[in-house]
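**Student:** Each chain, written out:
2 protein chains.
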Amino acid sequence: MDNDNPLRQIMHPRSIAWVGASNNPAKMGTIQLLVLKHTNFPGPIYPIHPEEKTVLGMKAYASAADLPEVPDLAVLIVPTRVAVPVMEDLGRRGVKRAVIVTAGFKEMGQEGRRQEEALVAVARRYGMRFVGPNCIGVIHTGARLNTTFFPTQDKAGALGIASQSGTYVTQVQLYLRRRGIAFSQAVSVGNEADIDVVDCLEYLAGEEDTRCIILYLESLRRPRRFLEAALRATRVKPVMALYVGGTAAGARSGMSHTGSLAGDDGLYDGLFRQAGVLRVNSIGDLYTFGFALAHQPPLKGNRLGIVSHSGGPVTSIADACERNGLEVPVFSRALQKRLEDVLPATASGANPVDLTFSLDPGTMAVEIPRRILESGEVDGVILHGVMGSSFRDVFAGQLKGLLDLPLEALAEAEETSLVDLVDMPRIYGKPVVCSSFMDRNQDNCTRFLQDHGVPVLYGPEKAVRAMAYLRRYGRCADRPS
Amino acid sequence: MDNDNPLRQIMHPRSIAWVGASNNPAKMGTIQLLVLKHTNFPGPIYPIHPEEKTVLGMKAYASAADLPEVPDLAVLIVPTRVAVPVMEDLGRRGVKRAVIVTAGFKEMGQEGRRQEEALVAVARRYGMRFVGPNCIGVIHTGARLNTTFFPTQDKAGALGIASQSGTYVTQVQLYLRRRGIAFSQAVSVGNEADIDVVDCLEYLAGEEDTRCIILYLESLRRPRRFLEAALRATRVKPVMALYVGGTAAGARSGMSHTGSLAGDDGLYDGLFRQAGVLRVNSIGDLYTFGFALAHQPPLKGNRLGIVSHSGGPVTSIADACERNGLEVPVFSRALQKRLEDVLPATASGANPVDLTFSLDPGTMAVEIPRRILESGEVDGVILHGVMGSSFRDVFAGQLKGLLDLPLEALAEAEETSLVDLVDMPRIYGKPVVCSSFMDRNQDNCTRFLQDHGVPVLYGPEKAVRAMAYLRRYGRCADRPS
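Residue numbers (this note's numbering), protein chains in the order written: chain A, 175 to 655; chain B, 175 to 655.
Hint data in this document are derived by calculation from the structure and do not stem from the laboratory.
Certain hints may be false.
Any copy, or any two copies together, can satisfy a pair, since identical chains are not distinguished.
[What the hints assert, rightly or not] Lysine-lysine pairs mimicking DSS-like chemistry, simulated, CA-CA at most 25 Å apart:
1. 329 to 474
2. 201 to 329
3. 511 to 574
4. 474 to 233
5. 474 to 270
6. 201 to 574
7. 511 to 227
8. 511 to 233
9. 574 to 474
10. 574 to 270
11. 329 to 270
12. 211 to 574
13. 511 to 201
14. 474 to 201
15. 227 to 474
16. 211 to 474
17. 329 to 211
18. 511 to 211
19. 574 to 329
20. 233 to 329
21. 211 to 270
Note that the structure is a prediction, hence the values are computed from the model and not measured.
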């Protein structure tokens, strides 16, 4: 789509020069290089070090001039004062792309701003493009590329992120892991002295591994160009944004973070709306609803079916639906009759469907949703409480010595039956979203569903909010082009 | 406070008769009795069974008439059709309190409604008071009482809950455990044929182990009495409510859940406001913000100090503060100067305080918050990213063979230094709330803080929302009495 994008080569490098690692394991540059090694980056890595002959067991080079080839990418984690001469050295050798992790520039005031301008000037002179400075690095899971200090998951996700915060691509990894969420690609843009969020948006729109783009924004340097890029991107995939520069407090905090001036909240709100960018109000929402958008088809109408074995959660979900502009239609007599075949006598099948008590995922998670989706009476389904091992583990603890449950066989049978649920969104073209109080480390069903693209959110109302975003995307996707 | 409350004896029983357990481990009544046994209830338990001589190793009695004493409480998990005769049997023996788990009453329509009226008639005749029917049971952690099927945590929490959903006191246990939240006492009220939510509110207001009362409501049978009870309760402790019956969809769902008619949302909103009951919109908020209210002093003004080593989270927090009516004042020159002594050169100390990078909790979590709270320039402090073992575990993985970190000693030192932070809310009379992406299973600091009453919420904006509730409670607590 956009092969000229400067990020293309940065995110798909065949070789990397690394400036700022040594054999001192307490240094950030060293740790980041270790992470890259452990990520098993497949191409050659060339550490550049003025004195060391080897760095972390790899042959080191005294300067860029000594490199055996021109690397596709250079990563800089050096003291602020040497960043400009190092860029000069790399530029002379013909290096065209860099990630500058080094901080101490625009975000530090007047002198830093001058240093940052000098960086840009060197880059211009040699035709170099770069991410940063004051960023945390980039991640491309499928390319086994991770220049940050934080290890990522092995399996690539479908979320591409561009972030004006490094924390939101690194320290969040443990948070994401608990939710089965992973990045396809991630760019910590830092001060955006050269490459900015707009470049990232254009780049990620063309990357097949990325099915939803999420943005963390404190400011936009090029709002007009952002609008154009977003209008194009939202034609091909959902784009969500968290913008925190619209309040006085947020703008002031952002200023000392990346040295950027933020813009009026209402203005940005209009910009996002016009571009079809879905705005969220928390970083958690960005990840979790982004996951739903990446994996589920848009919600094409307002009507939802709700299924659970718990009266509290279905009532909470029904209430939250109405508060979020979604409907819970009473099922037709015909559909209620079809459901009665598989419902226990105490159950209610009018919608919400409350099975009262059932631990058989074959009924709750397959037979019932299939009948509901087949009927054409709803546009999507929310399920609460599909669970297996968590509940069994609790019971097994109580029943020890009285009843031995075949734990592994039961879990396997559950997961086999859940394959049918996982396929429904594709078959019926309608989204399925789940909620559960059991997380993926506690329950095999939660893990299985998340790993197969069915969102399992940790709270019934969150499933409704995910549906509300799927509906908003459904409306955006419908717009005339 | 209210020793006549019928729940007093139900929640503090010296002895329990149990009707509906057998030696069949696949029966609900059996599992629930096993849970009670495993909870180590200290008093005598008397299983009543028409045929068995022993139940789960305990001597069983053919009927209530055969019991060696009049038990303080009877628990019924019997088929619907025998519930009335069993109550009759218990009443004749002089039993005055019961928990009726049995379902199939008002929530099942006309015939069920008649059965429920018969239950009430028997109870009236013998002067019995009961919880249920169609409930999941009661929990009183400190009394080692748990009549539900779901085991609870050993350590009592400070949250007392009355819930019109059984799921919200049982299946949520695993969700609560991941957040360090536990109940002091819990009542699943079911159909409220006799004891209702108002009784629970009055009872919990007088229980010392309960520092915050949370309510899950689909309807209120006695709104006027609720208002009176809530006005009294909110004088002594915070009360929060999730009400889901105010939408058409929520009301319809609640009807088939507990057979109760719900009321207009605006009406209930006014009722809560008048009573000083803080309303939330999701069950997760009820638990997590309830935890904050139970353990932290109210926020007495709007001014917050924000501290982190991450620019993204502090900017998100600052933005969320303003959106939630809270202020992030620029610190005075004098305070900024006092902070400079402990801040790294790259840090920003104007508020938010961004340490840029620091893993020393002694500085970030003790020295800085203390200086801020001492100054009197803020009414509370939010900290993001106090962490220890999670981060070290990640680094230790990368550094294996290069650098051996004394993991246990470091964790111990951290926890020792966090004791000072834990004490600050009491010393300064101002709340401290944290956020982190590392949960209590991943990080020792998260666990330590939560276990000592400092909320650690899994998302920066959530910490702000907790503060907004602490502020709302601060305003309620100020009202003239």
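**Student:** Of all the hints given earlier, name the ones this structure violates by number, lowest first.
**Tutor:** 1, 2, 3, 4, 5, 7, 8, 9, 10, 11, 13, 14, 15, 16, 18 and 20
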